[in-house]
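full-length UniProt numbering applies: residue 1 is where the sequence shown begins, and numbers increase by one.
Calculated directly from the structure, the hints in this document are not laboratory data.
Be careful, since some hints might not be right.
[Unchecked claim] Derived Cβ-Cβ restraints for the label pairs, each shown as a range: (1) Leu45 - Asn24: 34 to 40 Å; (2) Asp6 - Gly71: 26 to 32 Å; (3) Ile61 - Asp25: 18 to 24 Å; (4) Asp6 - Ala64: 20 to 26 Å; (5) Lys57 - Pro9: 17 to 23 Å.
[Claimed, not checked] As a list, the in silico DMTMM-like pairs of lysine to aspartate or glutamate whose alpha-carbon atoms are at most 25 Å apart: (6) Lys41 - Asp6; (7) Lys30 - Asp42; (8) Lys28 - Asp42; (9) Lys57 - Asp34; (10) Lys57 - Asp6; (11) Lys57 - Glu31; (12) Lys57 - Asp42; (13) Lys27 - Asp42; (14) Lys41 - Glu26; (15) Lys41 - Glu31; (16) Lys30 - Asp6.
Note that the Cβ used here is the ideal one computed from N, Cα and C, for glycine as well.
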Amino acid sequence: MKTYLDCLPCMMQQALRAGRIATNDEKKIKELLDTVGAMIKDIPLLAESKLGFLAVKIVNIIFALITGIIGYLIGF
């Protein structure tokens, strides 16, 4: 699965939804979104990169960030 430009807003939405499921602490959710946003700027598109980033791998990283920032693992 390639990483397309259309994937990027969806990744932010997933982070927001998962953050809200994990906690009601708006500051932690904002920190999560800031971190994911900073990460997104460095994600190359597969067609432009030899790194071969996959959208699924990136989403796994986002869920690891949720655990690290919020301290709660949610299972999807």
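Problem set entry | Contradicted hints - numbers only | none
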